[in-house]
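Chemist: The hints should help you fit chain G onto chain X, whose structure is shown.
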Amino acid sequence: MAPDIFTYKNPLPQTSTESGVLAGKKVVIQPNMSVCGWLTDAGSLALEGFVALEDATVITRLRNAGASLIGSTRMSELGFGISGDRGTQALCGGEADIALITDTMGEARVAAATSGLFGFKPSYGIISRLGLIGLVPSMECYGIMAKSPEDIIATIGAITGKDENDFSMPDEDLPGFSMPEESPGTKGVSGVIKECLSILNDTELRAFESVIAKIEEAGVTVKEVSLENFRFFQAVHNVIGSVEASSSAGKYDGVRYGHRAASARNWNEMYLNSRGESFGLLVKAFLFQGAYFQFENYPAFENACRIRRRLIRDTEKLFEHIDVLALPTRRLHHDPARAATVRETYDAFLLTLPANVTGQPSLQIPSLGLDPGADPGLQIMSPPLSDARLLATGMRISSIIQGAKKT
Amino acid sequence: MKYEAVIGLEIHVQLNSATKLFCDCHNRPGDQPNQNTCPICLWLPGALPKFSREALEKATLACLALNCTIQKESAFDQKVYYYPDLPKGFQLSQHHRPLAKNGWLDILGEDNDVKRLRIHHIHMEEDVARLVHETEGRTPVSLVDFNRAGTPLIEIVTEPDMRTPHDAMEFVRALRAQLRYTGSSDCSMEQGTLRVDANISLRPEGTDAFNTKVEVKNMNSIRNVADAITYEIRRQTECLESGEPIVLHTRLWDSEKNVTTAMRGKFSGPCIPDPSVPRIVVTDAWLQEMLNRLPEMPGQKSARFLKEYGLTYEEASSMTQEQELSEFFEEVVKENLPPRKIASWMATHLVPFLRDNNMTIKDTPLTPKRFAGLLFMLENDVINANAAKEVLTRLLSSDQSPEEIVEKGRLRQVSDNAELEALIDRILADHPSDVEDYRNGNPKVKGFFMGLAMKASQGKANPKLLKEILTKRLS
Numbered sequence: 000m001a002p003d004i005f006t007y008k009n010p011l012p013q014t015s016t017e018s019g020v021l022a023g024k025k026v027v028i029q030p031n032m033s034v035c036g037w038l039t040d041a042g043s044l045a046l047e048g049f050v051a052l053e054d055a056t057v058i059t060r061l062r063n064a065g066a067s068l069i070g071s072t073r074m075s076e077l078g079f080g081i082s083g084d085r086g087t088q089a090l091c092g093g094e095a096d097i098a099l100i101t102d103t104m105g106e107a108r109v110a111a112a113t114s115g116l117f118g119f120k121p122s123y124g125i126i127s128r129l130g131l132i133g134l135v136p137s138m139e140c141y142g143i144m145a146k147s148p149e150d151i152i153a154t155i156g157a158i159t160g161k162d163e164n165d166f167s168m169p170d171e172d173l174p175g176f177s178m179p180e181e182s183p184g185t186k187g188v189s190g191v192i193k194e195c196l197s198i199l200n201d202t203e204l205r206a207f208e209s210v211i212a213k214i215e216e217a218g219v220t221v222k223e224v225s226l227e228n229f230r231f232f233q234a235v236h237n238v239i240g241s242v243e244a245s246s247s248a249g250k251y252d253g254v255r256y257g258h259r260a261a262s263a264r265n266w267n268e269m270y271l272n273s274r275g276e277s278f279g280l281l282v283k284a285f286l287f288q289g290a291y292f293q294f295e296n297y298p299a300f301e302n303a304c305r306i307r308r309r310l311i312r313d314t315e316k317l318f319e320h321i322d323v324l325a326l327p328t329r330r331l332h333h334d335p336a337r338a339a340t341v342r343e344t345y346d347a348f349l350l351t352l353p354a355n356v357t358g359q360p361s362l363q364i365p366s367l368g369l370d371p372g373a374d375p376g377l378q379i380m381s382p383p384l385s386d387a388r389l390l391a392t393g394m395r396i397s398s399i400i401q402g403a404k405k406t
Numbered sequence: 000m001k002y003e004a005v006i007g008l009e010i011h012v013q014l015n016s017a018t019k020l021f022c023d024c025h026n027r028p029g030d031q032p033n034q035n036t037c038p039i040c041l042w043l044p045g046a047l048p049k050f051s052r053e054a055l056e057k058a059t060l061a062c063l064a065l066n067c068t069i070q071k072e073s074a075f076d077q078k079v080y081y082y083p084d085l086p087k088g089f090q091l092s093q094h095h096r097p098l099a100k101n102g103w104l105d106i107l108g109e110d111n112d113v114k115r116l117r118i119h120h121i122h123m124e125e126d127v128a129r130l131v132h133e134t135e136g137r138t139p140v141s142l143v144d145f146n147r148a149g150t151p152l153i154e155i156v157t158e159p160d161m162r163t164p165h166d167a168m169e170f171v172r173a174l175r176a177q178l179r180y181t182g183s184s185d186c187s188m189e190q191g192t193l194r195v196d197a198n199i200s201l202r203p204e205g206t207d208a209f210n211t212k213v214e215v216k217n218m219n220s221i222r223n224v225a226d227a228i229t230y231e232i233r234r235q236t237e238c239l240e241s242g243e244p245i246v247l248h249t250r251l252w253d254s255e256k257n258v259t260t261a262m263r264g265k266f267s268g269p270c271i272p273d274p275s276v277p278r279i280v281v282t283d284a285w286l287q288e289m290l291n292r293l294p295e296m297p298g299q300k301s302a303r304f305l306k307e308y309g310l311t312y313e314e315a316s317s318m319t320q321e322q323e324l325s326e327f328f329e330e331v332v333k334e335n336l337p338p339r340k341i342a343s344w345m346a347t348h349l350v351p352f353l354r355d356n357n358m359t360i361k362d363t364p365l366t367p368k369r370f371a372g373l374l375f376m377l378e379n380d381v382i383n384a385n386a387a388k389e390v391l392t393r394l395l396s397s398d399q400s401p402e403e404i405v406e407k408g409r410l411r412q413v414s415d416n417a418e419l420e421a422l423i424d425r426i427l428a429d430h431p432s433d434v435e436d437y438r439n440g441n442p443k444v445k446g447f448f449m450g451l452a453m454k455a456s457q458g459k460a461n462p463k464l465l466k467e468i469l470t471k472r473l474s
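Residue numbers (numbering that gives the first Met the number 0), protein chains in the order written: chain X, 0 to 406; chain G, 0 to 474.
Certain hints may be false.
Claimed, not checked - Sample of chain G residues facing chain X (criterion: CB under 10 Å; computed from the structure):
no., residue
1, Phe21
2, Phe89
3, Cys270
4, Asp273
5, Val276
Derived by calculation from the structure, the hints in this document are not laboratory data.
Note that CB positions come from ideal geometry on N, CA and C, so glycine has one too.
Only chain X is shown next, with the shape it has when bound in the complex (with noise of 0.2 Å):
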């Protein structure tokens, strides 16, 4: 019950609905996730003691799939980074058995690597944004944490699917989800992306290489393919990231809620007082850049939007040849909760940030029993909307993992 985890712990966590997929499951949410009620600050003075009018539409999903709403877990300010996150201590600490985190650069792999849990980033668009506070709106979506990865299944078949208040999701039917059965077939073909194995040092790719060499000997075919312009990724992230963020944060300007400047002159110094004194450095940087690229360097803006197109594209063709991609989750020598400043918190999420770019769903797997000092995590992709084929690979190469570590 350690108080720095929540901000907010619901008194009457129980549901109605006892049957339902999540039926006794504890779930705890992140303070930009909107419950009606409870305090909606996204950890940011912006929104100070704002509090949500509407449940989100995931909450409505939560609920009616028999989950207990434990509270909200303190998070980054506006959930840029995991810094300020303590979403694994409430599950590694017992509290919860479930945990939701904006995945808007890697967060819900990142933070679930270095605690040793599964962490699930869906596809972009198939769970409704109705209701969640976000930054980057193309890139974040709602992430999963958890022990187990039939939980991880039993969320997402929970909380996905259209949502007629969102006009932003896909048209596409969106994947079904139910516990994967044994498949006796074919063991799939895995691919690992060479430009991202030349930036690992020896020891993060001295501990990938032990992970992949035991699905290997699983009979997983491992196939080495090339992404040429894997480099780019984190700096097209990083200029529409912060662009985004600039404009999803030119609402935050004190005058119908949140923090307030005691005193200006007019309205402009009333905005510059207010929003100087809400933002945190590393936010504030962030939207700096966001800012300078929209008023200074528009085409810098429009190179990264033509870059990210080619990235998807490029992306898509790799899998005519796999199932899946195959990548560590993070670095070992950037680490996430020390990251102050935007090169840093870019730095350590280098290996996560490509799915956010291209909308592809991803899953961490741990590797059970390794100390996660030394575990740099395994991180499996697959093409938008295969979320469901993603999972059961997922579950098939933990048991592949764990059962080898038993020998």
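Modeler: Chain G only, in chain X's frame:
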């Protein structure tokens, strides 16, 4: 040096869809302040824009009515600026990919030649909130009314094809007529549902350069548009003649003082694609459905009236400005009356009455049949023009038939020779010196006698007959 004006217009039209563009709030800006608001149009944290299909349909009809090509794909951008009338720090507008491009409207130029004025593009956007500036005690306060925030607009951007205030005025008239037919907007400049900004620059006559332009805003009638442009052309001419440079800026029209005054430079921010509003992708089937919904447009109808009924260009255009009037006109034509006579009576007597009383035909008891009855009596010399005006006034306020009105009001024309001869003889006898004057070569006296005779008959004398008798008696 003689200068020529180059004029382009940017016209905002408020669509009359039931709801706002991105939420389900009523599109009724005039209601009690902040009554029509919700988390979406207030842009509270966690809100997501929806999209009004009706607003898209009305915008599309408007674009088709202005002869534009609807784009297969269009999308919304964020126009970034910070101002208290914008709850989210940007305005959603189709900057990079507008709904429609390449339209035109025909007008009649001052030289009586038909002139085609091109439209560059039309895009959709949301309106911003209304600011109300007041004082509380001695402290000035600004209040924000979000009823208007998020209501749907289209912005029509013309090519700089206009050269005179007349061109601009005729363009706005033609545009208003076309748009009203579609039912997409009330298009009232007085109510602010049609707002015209004019970009004006000058160049030496005979050259084709585009010089620095000045934008003029805040005109609230079509007349104002012409006046503001006239003023601005004069102001810029004086600047050029005194060697003062023209600088790019915006001016406000002051309709009381009839001048434009410079306003503070407007900051123009960047426009970035919005990631949350869905892209608009138009299918052929849907576009066909929209085309099928368009009625015969005033431009087409006017051309048909010209051909079918032998009206002049002005008559045809005035008979088609409003759908209701044009339909009324055609109903009366069916009663076998000369079309030009109908058009002339509608334009000179009926339309001014409706305008002065701020009414439409439907607000009055007048029907095509009753109007035709009146014109029949006029055609057949049962009544004269004077009496006809009187009858029309009564037709517009009572249910009586025109025949009844004529009988009861004793308005029937006097065409009895003997009666009129007696009347004239009496007048001539009373004014011997004037008769003398006429016979000495002053023809004006004849008009004086006509007036006296008309008056004596209480306006009922058949003027043609009266004139014949008078001429005979005087000679």
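Chemist: None of the hints should be skipped; say for each whether it holds.
Modeler: Each hint tested on the structure:
1. Phe21: holds, 9 Å
2. Phe89: holds, 6 Å
3. Cys270: Given a least distance of 9 Å, the restraint on G:Cys270 holds.
4. Asp273: holds, 8 Å
5. Val276: holds, 7 Å
In summary, the structure agrees with every hint in the numbered list given earlier.
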